[in-house]
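Asks: From first to last, the protein sequence lines are chains A and B.
So for the first sequence, this note's numbering puts the first residue at 1169; every next one is plus one.
So for the second sequence, this note's numbering puts the first residue at 1174; every next one is plus one.
Take these hints with a grain of salt, some might be off.
[What the hints assert, rightly or not] Derived lysine-lysine pairs resembling DSBU-like cross-links, with alpha carbons at most 30 Å apart:
#	chain 1	residue 1	chain 2	residue 2
1	A	K1349	B	K1183
2	B	K1295	B	K1277
3	B	K1303	B	K1280
4	A	K1368	B	K1295
5	B	K1376	B	K1396
6	B	K1193	B	K1376
7	A	K1368	B	K1277
8	B	K1396	A	K1349
9	B	K1401	A	K1349
10	B	K1303	A	K1368
11	A	K1349	B	K1280
12	A	K1349	B	K1193
13	B	K1474	B	K1396
14	A	K1367	B	K1303
15	B	K1324	A	K1367
16	A	K1452	B	K1277
17	B	K1280	A	K1368
18	B	K1376	B	K1183
19	B	K1474	B	K1401
20	B	K1303	A	K1349
21	B	K1280	B	K1295
22	B	K1277	B	K1303
23	B	K1183	B	K1324
24	B	K1303	A	K1452
25	A	K1368	B	K1324
26	A	K1452	B	K1280
27	B	K1351	B	K1280
28	A	K1367	B	K1277
29	A	K1349	B	K1411
[What the hints assert, rightly or not] Derived CB-CB ranges, DEER-like:
#	chain 1	residue 1	chain 2	residue 2	range
30	B	I1486	A	F1180	39 to 47 Å
31	B	D1366	A	K1173	55 to 63 Å
32	B	S1229	A	I1347	26 to 34 Å
33	B	L1243	A	A1346	27 to 35 Å
34	A	E1176	B	D1366	56 to 64 Å
35	B	S1229	A	V1447	50 to 58 Å
The set of hints was computed from the structure by calculation and includes no laboratory data.
Please read all numbers here as calculations on a predicted model, not as lab measurements.
Glycine included, each C-beta is placed from N, C-alpha and C at the ideal position.
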Amino acid sequence: MRLNKITEAIPFLAPVQILILSVIVIPSLYVIWLSLNASSFGQSATFVGLDNYIQVLSDPAFLRALGNTVMIVIFAVHLELALGLGMALLFASGLPGRRVLLVAVLAPYAVSEVIAVAMWRFLFDPDVGPVTAMLSWLGLPMLDWSFEPSHALIMIGLLTIWLHLPFTFIILYAARLAIPKDLYEAARIDGATPFDAFKKVTMPLLGPAIVVALLFRYIFAFRIFSEVWLMTQGGPARSTEVVAVYLYQEAFSYNAFGTAAATAWIMVLASLLLATGYVFLLRKQVAGNAH
Amino acid sequence: MASLSLAGLKKSFGAVDVIKGVDLEVKDGEFVVFVGPSGCGKSTLLRMIAGLEEISGGELHIGGRLCNDLEPREREIAMVFQSYALYPHMTVYDNMGFGLSLNKTPKTELDARVREAARILKMEHLLERKPSQLSGGQRQRVAIGRAIVRKPGVFLFDEPLSNLDAALRVDMRMELAKLHRELGATMIYVTHDQIEAMTLADKIVVLDGGLVQQVGSPMELYKNPVNKFVAGFIGAPKMNFLPVKVQSVQGDMASVASEAMGPILVRSRGFKSGDSALLGIRPQYLKPGKAAEGEGSIGGKIVLVERLGTETIIAIDTPANERVVASVPVDMELSFGGTAEFQFAPASAHLFH
Ligand SMILES: Nc1ncnc2c1ncn2[C@@H]1O[C@H](COP(=O)(O)OP(=O)(O)OP(=O)(O)O)[C@@H](O)[C@H]1O
Ligand SMILES: [Mg+2]
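Bound-form chain A, shown alone:
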């Protein structure tokens, strides 16, 4: 059967449309509507225009949460990328016992965040944690994360790296394995040192994979919630809040749905901005490397 007009095709596509509409579009529109109203339990919504947005953006707690989030994103994602890349190259260079190590490296991805945090809280416990004990035995300062906000943020950053390293690693490792071995042999014949080969062959060919890994990780890291919530609940004194925790507090501690919805949209817009920027970069690079 040939479908001549688009209208004839619509019934066949409709289920998909309806699904997307009901699952994504309608809730999103509802959140937009919510973000333009002041609303709480037992109180009918009143339209306030962009007041919620203005209120959120000028709230010092939000700005601190945003600052914390950006710090975690920048610190954690880039350190994680460097670690993941280093490990991918190490694995690809023919590390002995690769299979067992691969399982060990990927394991954190299978661990629930709740268990991971419980584990880390125990390991880094300021009084009895084995890691704390080891750090002090080595003469290093301990991480006083339950008391000192900057220490808590470092802890959260390390935890989120630990949890997500498998993701970054596996993307880069797969991409590295996809580079044919004979390119490295050709490079050796051409006179490339291992460092030349890394710079001129490995890095350009891993480019697209690095961009993809970064894109996903920026967006995931920007939405960071459970690590913070389970570790510090944003405390002490809201000093370690991140944007998602701020949102949660607004919505469920202060029942301010309007500002919570506005925060959500600010997050979405920030993520979209990041994603667009990266997809743009990616396109440019892939077009540049067309192969």
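Fit chain B with the ligands to the known structure of chain A by using the hints.
Replies: Here is chain B with the ligands on its own, set in the frame of chain A:
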């Protein structure tokens, strides 16, 4: 330009000996072809010369220098891979200039050498393209160009044409021969295609089981194979091998015969009276017709006739039930199930173990 000398070269992967002691001299400017069945160690030997595979034993000299422990870049060689191994993210120009840019050759010289190579290979118009925008044949040219640009003492090729279609392969083969004449460089070429070996080589090295079976010019190998392996490997259709008995030996000539064939005199090659041997006869040396006095003769029932245009391949079963293949230049009136008779000059036959 460089000569090469391999002395007792060995290679083992763990407990497996792949190259078991290869001795070979390659003169400056020679075109040497390694042939042999799959898995005989051709690529391994080439990669040992290139420096991509460590040498387990013996000595490798390139241009008089001991090269066993030198990095590939220090050996003044260039290699063309079967898979081309072009850098996918670089243009053709950058692919060809990569080696020179690594050793900090001045831009103007790099440019001149890349353009010169592109001119030789007639691909000046492709310089700005990426490998993905090239056909297989063009990629192969770039891979060869990358080797030319480096002006190596020795070119190494590992089955460079095997990914091309038949027609292109013939073209590229002729171009490689021309390139060798123009550059006058030493070239070592691995193939399992014996036509490539016969047409390109100054010297063919037949390898089997990690050992050199014979070294010689194409016609030497064709006319005087030293053993059954070389005899069977070089030439198409394959040489016929007939079991015979040595009846008597006089000087270096032996009289041999079998059930299906009367006695003839061939070179004895160390066989003694009473020995069993195999008599090798090339299909091309079998001529239709009755044998004259002193000539060999084989006849039998025709089981296969293939007319290829330039030649006709005929297979017969002798009364002793041996399959014999003949290649005759004319289209004979023959029919399946009939009989045919062939004669051959004893001088063109060889005895093998
Ligand atoms: N890295 C390796 N480890 C173990 N064995 C190897 C290795 N490389 C090659 N071999 C073995 O060495 C032998 C020779 O291999 P090689 O690639 O030199 O064969 P070849 O003559 O080039 O064959 P082909 O015509 O199929 O390319 C083979 O039996 C192969 O299995
Ligand atoms: Mg091979």
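Asks: Give a verdict on every hint.
Replies: So, going through the hints one by one against the coordinates:
1. A:K1349 - B:K1183: holds (24 Å)
2. B:K1295 - B:K1277: Holds, at about 26 Å.
3. B:K1303 - B:K1280: With a Cα-Cα distance of about 21 Å, the restraint between B:K1303 and B:K1280 holds, given a limit of 30 Å.
4. A:K1368 - B:K1295: holds (27 Å)
5. B:K1376 - B:K1396: Holds - the C-alpha atoms of B:K1396 and B:K1376 are around 14 Å apart, at most 30 Å.
6. B:K1193 - B:K1376: holds (21 Å)
7. A:K1368 - B:K1277: Satisfied, since the Cα-Cα distance of roughly 14 Å is no more than 30 Å.
8. B:K1396 - A:K1349: Not satisfied, since the Cα-Cα distance of roughly 41 Å exceeds 30 Å.
9. B:K1401 - A:K1349: Roughly 38 Å between the alpha carbons, so the hint for B:K1401 and A:K1349 is violated.
10. B:K1303 - A:K1368: Holds: B:K1303 and A:K1368 sit about 16 Å apart, inside 30 Å.
11. A:K1349 - B:K1280: holds (29 Å)
12. A:K1349 - B:K1193: holds (26 Å)
13. B:K1474 - B:K1396: It holds: about 28 Å lies between the C-alpha atoms, which stays within 30 Å.
14. A:K1367 - B:K1303: holds (19 Å)
15. B:K1324 - A:K1367: Distance of about 25 Å is within 30 Å: holds.
16. A:K1452 - B:K1277: holds (29 Å)
17. B:K1280 - A:K1368: Given that 30 Å is the threshold and the Cα spacing comes to 18 Å, the pair holds.
18. B:K1376 - B:K1183: Cα-Cα ~21 Å, so holds.
19. B:K1474 - B:K1401: holds (26 Å)
20. B:K1303 - A:K1349: Roughly 19 Å between the alpha carbons, so the hint for B:K1303 and A:K1349 holds.
21. B:K1280 - B:K1295: holds (22 Å)
22. B:K1277 - B:K1303: Holds, at about 23 Å.
23. B:K1183 - B:K1324: Between B:K1183 and B:K1324 the Cα gap is close to 28 Å, so the pair holds against 30 Å.
24. B:K1303 - A:K1452: OK: B:K1303 and A:K1452 at ~15 Å, within 30 Å.
25. A:K1368 - B:K1324: holds (22 Å)
26. A:K1452 - B:K1280: holds (27 Å)
27. B:K1351 - B:K1280: Holds - the C-alpha atoms of B:K1280 and B:K1351 are around 29 Å apart, at most 30 Å.
28. A:K1367 - B:K1277: holds (15 Å)
29. A:K1349 - B:K1411: Violated, at roughly 37 Å.
30. B:I1486 - A:F1180: 39 to 47 Å: violated (60 Å)
31. B:D1366 - A:K1173: 55 to 63 Å: Because 58 Å falls inside the window, the suggested range holds.
32. B:S1229 - A:I1347: 26 to 34 Å: holds (28 Å)
33. B:L1243 - A:A1346: 27 to 35 Å: holds (31 Å)
34. A:E1176 - B:D1366: 56 to 64 Å: 57 Å Cβ-Cβ, so the 56 to 64 Å window holds.
35. B:S1229 - A:V1447: 50 to 58 Å: holds (51 Å)
Violated hints for the displayed structure, listed by number in ascending order: 8, 9, 29 and 30.
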